[in-house]
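Enquirer: Listed here are the chains, written in short residue letters.
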Amino acid sequence: MKDTVDEINPRKAWMSVLAKASEGRVAQLLDAAIARPEFAWLRAPEIGSTMVRARAGATGAPFNLGEVTITRCALTLDTGEVGHAYIKGRNKVDAQAAALVDALMQTDKAEVLRAQVIDPLEAEQAAAKAARAAKAAATKVDFFTMVRGED
Amino acid sequence: MQAEILSGGFADPAIQSAHAFRSVMEAMARPGTIHDIAGATPPAPLSPAAGAVLLTLCDTDTPVYLAGACDCDAVRNWLAFHTGAPFAGPAHCMFAIGTWDALAPLSAYRIGTSEYPDRSATLIVERTDLSASGTLLKGPGIKGRAALSLPEVAAFQANATLFPLGLDFLFTSGDRFAALPRTTEVM
Amino acid sequence: MYVAVKGGERAIENAHAWLAEERRGDTDIAELSVAQIREQLSLAVNRVMAEGSLYDPDLAALAIKQARGDLIEAIFLIRAYRTTLPRFGASEPVDTGKMTCDRRISATFKDLPGGQVLGPTFDYTHRLLDFKLAADGEVPQAPTRSGITAEDVPHVSEFLNREGLIEGAPHDDTPPPDLTREPLEMPADRALRLQALTRADEGFTLGLAYSTQRGYARNHAFVGELRIGAVPVEMEIPELGFAIEVGEVTVTECETVNQFKGSKTEPPQFTRGYGLVFGQTERKAISMALVDRALRWEELGEDFVGAPAQDAEFVLYHADNIQATGFLEHIKLPHYVDFQSELELVRKLRREAETGHVQEAAE
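Chains as they are written, first to last, in my numbering: chain A, 1 to 151; chain B, 152 to 338; chain C, 339 to 701.
Chain A with its partners taken away, still in its complex shape (with noise of 0.2 Å):
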């Protein structure tokens, strides 16, 4: 059942754009994009939590280091296809938008939506980290050594 060549695994790709995106961004460059189309929910959106894991020592035996809230939802479009979204914080508006994106990857509409949507999100993400790299950089320590005593 899983997946074991998660970077070939566009969907994952695109769930994880639309999880990162900031709040209304989805909503915006969807409906800039296409008008909505009609759908039915599987699951309406509910907030809840996720017990984020990390690995004593950074590697070895897995711990629990604390919940994160995360909302998330399911809906299926009238044609079929069925799109969830699970993104982290409380916005059910923001997650509605992402799996109607989700669903809407899988139709025939995907192109645009990833000129559009998906592109468009990955770039302004990839913007940001790197002005905040910038940052961090600037406070790299470079050190110089200073000249010993030699005669």
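Because the hints were derived from the structure by calculation, they are not lab data.
All values reported here derive from a predicted model rather than from experimental measurement.
Do not take every clue at face value.
Taking lysine-lysine and the DSS-like style, the derived pairs with C-alpha atoms no more than 25 Å apart in a straight line are [unchecked claim]:
{"hint": "1", "chain 1": "A", "residue 1": "129", "chain 2": "A", "residue 2": "12"}
{"hint": "2", "chain 1": "A", "residue 1": "135", "chain 2": "C", "residue 2": "436"}
{"hint": "3", "chain 1": "C", "residue 1": "436", "chain 2": "A", "residue 2": "129"}
Following the hints, put chains B and C in place on chain A, whose structure we already have.
Expert: Showing chains B and C alone in chain A's frame:
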């Protein structure tokens, strides 16, 4: 994954699971009484009553054992989506679901420890018929005597002697169910 | 003994109303928004998330506002809210090797791949009050440095590991116990201890860690590495059959490298203590690593020297500030009946003592 597999949960989870929980609590508190429980339309071979009980009591912390014909993809996918419950064998489950024959032997299930008697399994037994007749019951929650159509007698008599350890049972049939907790004496 | 007594409803309601008014303070001063607390008191927010065991900056900020800045009260609010959430599952263990580091320093190696990145730290500030902050002021943009591509930053312990000079942390997939689901029981394995420590009171953990430095179970800790940054959280979605990233959380990780002379079972080598805490919570993460190391005496074959930080039962049963404050503060609530019986007892003992004295005097 097909949408049909993902439907059939509670339409209004907060309200319906609260109603269902109340029914399960009533049934456990008054052993032998038969209650209606609705709201779930699980895939075959699960009965609507068993489906509603599973939706109400199971979550990611409660390993479930699917016995016999219940162990099929349709049931697995439905439970995974609606409850997130992991699947386990009889020795590690907190809930088990199946027919009486499929669930046997009872010795395979956890009966709790003296420190934590609650760390025991609850068996959901699917029955074709369920009626308030047959084996006589007495004990806490029963005024005088009650009667319930049990699949057998000896196993429940043996279970009651383990108290405070032991197993608890729910009998489901269609959209009705009854309970037999470990406190009930089976005559 | 507890006896239900009615009364005081009006007093309680009025006390709540006054509390709300006092929380707001002088209405001539602008009200704080939750977003302001989240953005501008972020280290308080981080502490509430870490000890509340729930990563949600907005909720933590709201709790701080509601608690008038009393962080333990805010943690209490978060813990209470957390119990109402259905749990959807557990994440895959986060990979801190994939962290996007804001800060990454090592006290043991000057030159290490990835370098020493200071990040937004108080370390080199002069601890002089900055009166410029008392007036409104624009903050200049922090400088940036381009040309450095973000890459995975390897852990310092990996270098030592290559030489075999430090104990390993071998991969293991035992499902961890969860003290928020089942009561804490002794003996507690390391997974349980780490969970208890990461949500433990910062002050208590700091005090214990400090005691190990001062000689109570001294274990000669160096900060092998301290890193702060965002890590992706992945969880397996049962209905999909694969794991997806649900977002990122910021964590602080501290790995200590501790001197170890060797024991009957282990060769002389460096040993490790581990701290990992939600948010930018550096003091807590370092403290956690020191206490983790002290608690590992048994598995490393060291002697129990009777130090508080070595005593798992003492540490784990007293580290939780919500348990502690609950039990401590309850003694201020009505105990009228208990006290009446105590009063009766003392009076009786007094009478007996007095008549005894009289008898003695008569004899």
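Enquirer: Please go over all the hints and tell whether each is borne out by the structure.
Expert: Do the hints match the structure? See the list:
The hinted pair formed by residue 129 of chain A and residue 12 of chain A meets the criterion: a straight-line CA distance of about 20 Å does not exceed 25 Å. Pair hint residue 135 of chain A plus residue 436 of chain C holds up; C-alpha atoms about 18 Å apart against a cutoff of 25 Å. The hinted pair formed by residue 436 of chain C and residue 129 of chain A meets the criterion: a straight-line CA distance of about 13 Å does not exceed 25 Å.
The structure fails none of the hints (numbered hints given earlier).
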